[in-house]
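The primary structure of each chain is shown beneath.
Number of protein chains: 2
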Amino acid sequence: MIIGVLGPEGSYSEKAAKLWIRDKGFKTVSLRYFEDIEDAFTAAAKGKADFSVIPVENSIEGSVGISLDLLLRLKTVICGEIVIRIEHSLLSKGGRENIKVILSHPQALAQCRHFLKENFPDAEIRSTGSTSHAALLAGEFEEMAAISAPEAAKKYGLKILLSNIQDRKENHTRFLVIRPGNFHENARVPENCPHEKTDPDSEGASSFKTSLIVYIAKDRPGSLYELLGAFAKRGINLTKIESRPSKRELGDYYFYIDFEGHIGDAVIKDALKDIKTNTDMLKVLGSYPRFEKN
Amino acid sequence: MIIGVLGPEGSYSEKAAKLWIRDKGFKTVSLRYFEDIEDAFTAAAKGKADFSVIPVENSIEGSVGISLDLLLRLKTVICGEIVIRIEHSLLSKGGRENIKVILSHPQALAQCRHFLKENFPDAEIRSTGSTSHAALLAGEFEEMAAISAPEAAKKYGLKILLSNIQDRKENHTRFLVIRPGNFHENARVPENCPHEKTDPDSEGASSFKTSLIVYIAKDRPGSLYELLGAFAKRGINLTKIESRPSKRELGDYYFYIDFEGHIGDAVIKDALKDIKTNTDMLKVLGSYPRFEKN
Numbered sequence: 002m003i004i005g006v007l008g009p010e011g012s013y014s015e016k017a018a019k020l021w022i023r024d025k026g027f028k029t030v031s032l033r034y035f036e037d038i039e040d041a042f043t044a045a046a047k048g049k050a051d052f053s054v055i056p057v058e059n060s061i062e063g064s065v066g067i068s069l070d071l072l073l074r075l076k077t078v079i080c081g082e083i084v085i086r087i088e089h090s091l092l093s094k095g096g097r098e099n100i101k102v103i104l105s106h107p108q109a110l111a112q113c114r115h116f117l118k119e120n121f122p123d124a125e126i127r128s129t130g131s132t133s134h135a136a137l138l139a140g141e142f143e144e145m146a147a148i149s150a151p152e153a154a155k156k157y158g159l160k161i162l163l164s165n166i167q168d169r170k171e172n173h174t175r176f177l178v179i180r181p182g183n184f185h186e187n188a189r190v191p192e193n194c195p196h197e198k199t200d201p202d203s204e205g206a207s208s209f210k211t212s213l214i215v216y217i218a219k220d221r222p223g224s225l226y227e228l229l230g231a232f233a234k235r236g237i238n239l240t241k242i243e244s245r246p247s248k249r250e251l252g253d254y255y256f257y258i259d260f261e262g263h264i265g266d267a268v269i270k271d272a273l274k275d276i277k278t279n280t281d282m283l284k285v286l287g288s289y290p291r292f293e294k295n
Numbered sequence: 002m003i004i005g006v007l008g009p010e011g012s013y014s015e016k017a018a019k020l021w022i023r024d025k026g027f028k029t030v031s032l033r034y035f036e037d038i039e040d041a042f043t044a045a046a047k048g049k050a051d052f053s054v055i056p057v058e059n060s061i062e063g064s065v066g067i068s069l070d071l072l073l074r075l076k077t078v079i080c081g082e083i084v085i086r087i088e089h090s091l092l093s094k095g096g097r098e099n100i101k102v103i104l105s106h107p108q109a110l111a112q113c114r115h116f117l118k119e120n121f122p123d124a125e126i127r128s129t130g131s132t133s134h135a136a137l138l139a140g141e142f143e144e145m146a147a148i149s150a151p152e153a154a155k156k157y158g159l160k161i162l163l164s165n166i167q168d169r170k171e172n173h174t175r176f177l178v179i180r181p182g183n184f185h186e187n188a189r190v191p192e193n194c195p196h197e198k199t200d201p202d203s204e205g206a207s208s209f210k211t212s213l214i215v216y217i218a219k220d221r222p223g224s225l226y227e228l229l230g231a232f233a234k235r236g237i238n239l240t241k242i243e244s245r246p247s248k249r250e251l252g253d254y255y256f257y258i259d260f261e262g263h264i265g266d267a268v269i270k271d272a273l274k275d276i277k278t279n280t281d282m283l284k285v286l287g288s289y290p291r292f293e294k295n
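One line per chain: the protein sequences are A and B, in this order.
Per the working numbering: the first sequence ends with 295, consecutive numbering throughout.
Per the working numbering: the second sequence ends with 295, consecutive numbering throughout.
Worth flagging that the hints you see were computed from the coordinates, not collected in a lab.
Incorrect hints may have been included.
When chains are identical, the list treats them as one kind, so a pair holds in a single copy or across two.
To be verified - Keeping only pairs whose Cα atoms sit at most 30 Å apart, straight-line, the calculated DSSO-like set for lysine-lysine is:
hint, residue 1, residue 2
1, K241, K160
2, K155, K28
3, K156, K28
4, K19, K118
5, K294, K219
With these hints in hand, go ahead and build the complete structure from the sequences.
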């Protein structure tokens, strides 16, 4: 089994993937490392990976735009979620006084915005495809430092100059596990994803989450309210609602909605029927076990 | 009068500010240029600028996170909006074949993600405080190129190598004009902002927009629906709803809501009374004339 992650070794995506593999008890897994989120995502969409693990949301900086865009555009099904704590370190070959260039992924740079502004106002900021790629590159010159997971230090021969440097101590990222395919009620699901066909209502609704994308044309302003009503009147708990530009014109959005419950539950099926009539496009992304901290 | 914008000269914020100044008919204005969005924002909050013009949302890449965060955190009032077309160019001193480094603001880099991946997969990507700062820096070496407004080419001695390079031809950014102060119904408003005290209902509701931030605690999942109901049942059109992490924990959000109407309108006042009882925090950001294309 192949699982695609953001590479090279030492990325937070790899950490999330390993946690998921352990949880599922998978034995024969090989990780495949990709240069950026889009490549890791595309690998799952095209079946070059059985699964890919993709960062989707961070508690400081919010959604990862490219991941949301690809959930809409590519054919994948969400079959899991993982949340991990993010503690960024500043890694370098040299000492703090030599640092002229700081490298990291744009999300990590944004999570450390104040740290950078206060401590390295004159450093050149380079954007990389992943935090681990930043660590790899920082191994080249003493004047470079990477914002990365502390685990990457050893791997790339760097020293940890500073720990836990993000702007808020509490920092978590949510990852999605995606697999090839389109969500469809009667579609065949891979052996590894039995939860997708779980017996309706057999487990507590709150142990599953379902994600979907809806499009509501700009000229139907009351429709979002009606759509949320389909959940509210059935007591279905929303866990997230997020807008993302349609890219057609300013002020035109897709809405990404996560809620508690499994697509096989009668109450969810019923809600979706309602929703279909109130939206101009509905894409179900998948039902998957809610992440539980161990 | 001092208006703060993202600098140096040649930024899109400057372009937006000049459009606003022309529209308002202001005569004695001096622009003050700031290094990043936070500095331009803080200048308005601290009264070092009478107004600042801040990018808040782009039609390809979505909201500007730092601007949303500062709207919550700092004491400013929104008193205008401007929408301008964004056409990014690739600017350099040298020829296309020499380019090794590409510089721009993270939002512009994200708006040109595919362009970069397809055309310059091996280029080093540097992140700058503004697109115009990227153009300024690109003047140093022939191997550097900036993604910037074409107008910056002449200013910084660069050639336009490629035009309109963002991933979608249609590309617009919305800017907010902010001023020092806290929104309060009975607060004194500056002479330049008479629209803030316009006669209620005297003009069509749709010629004004109002923006606010609400916080709904995570354990009250139905509250967002009730909140939207306060608008829907009064026929108030929402133009935007966006979530932003509270930064306290994953899954905990502030909601940013824009709608048609003026805070002085009876129907809006009435809706806000309703909303106050359904939310754990409400911050009114301001009422301002809706942007109209000339």
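* Between the shortest in-copy and the shortest cross-copy C-alpha distance, which are at most 30 Å for K156 and K28: within, between, both, or neither? -> within (24 Å within a copy, 60 Å between copies)
* Asked: What label fits K294 with K219 when the C-alpha limit is 30 Å: within, between, both, or neither?
  -> between (39 Å within a copy, 18 Å between copies)
* Checking K19 and K118: alpha-carbon separation at most 30 Å within a copy, between copies, both or neither? -> So K19 and K118 pass the 30 Å test across copies only (28 Å; inside, 33 Å).
* Asked: Given a CA cutoff of 30 Å, do K241 and K160 count as a within-copy pair, a between-copy pair, both, or neither?
  -> neither (38 Å within a copy, 45 Å between copies)
* At 30 Å max between alpha carbons, let me know whether K155 reaches K28 within a copy, between copies, both or neither. => within (26 Å within a copy, 60 Å between copies)
Checked against the numbered hints listed earlier, the structure breaks hint 1 alone; every other hint is satisfied.
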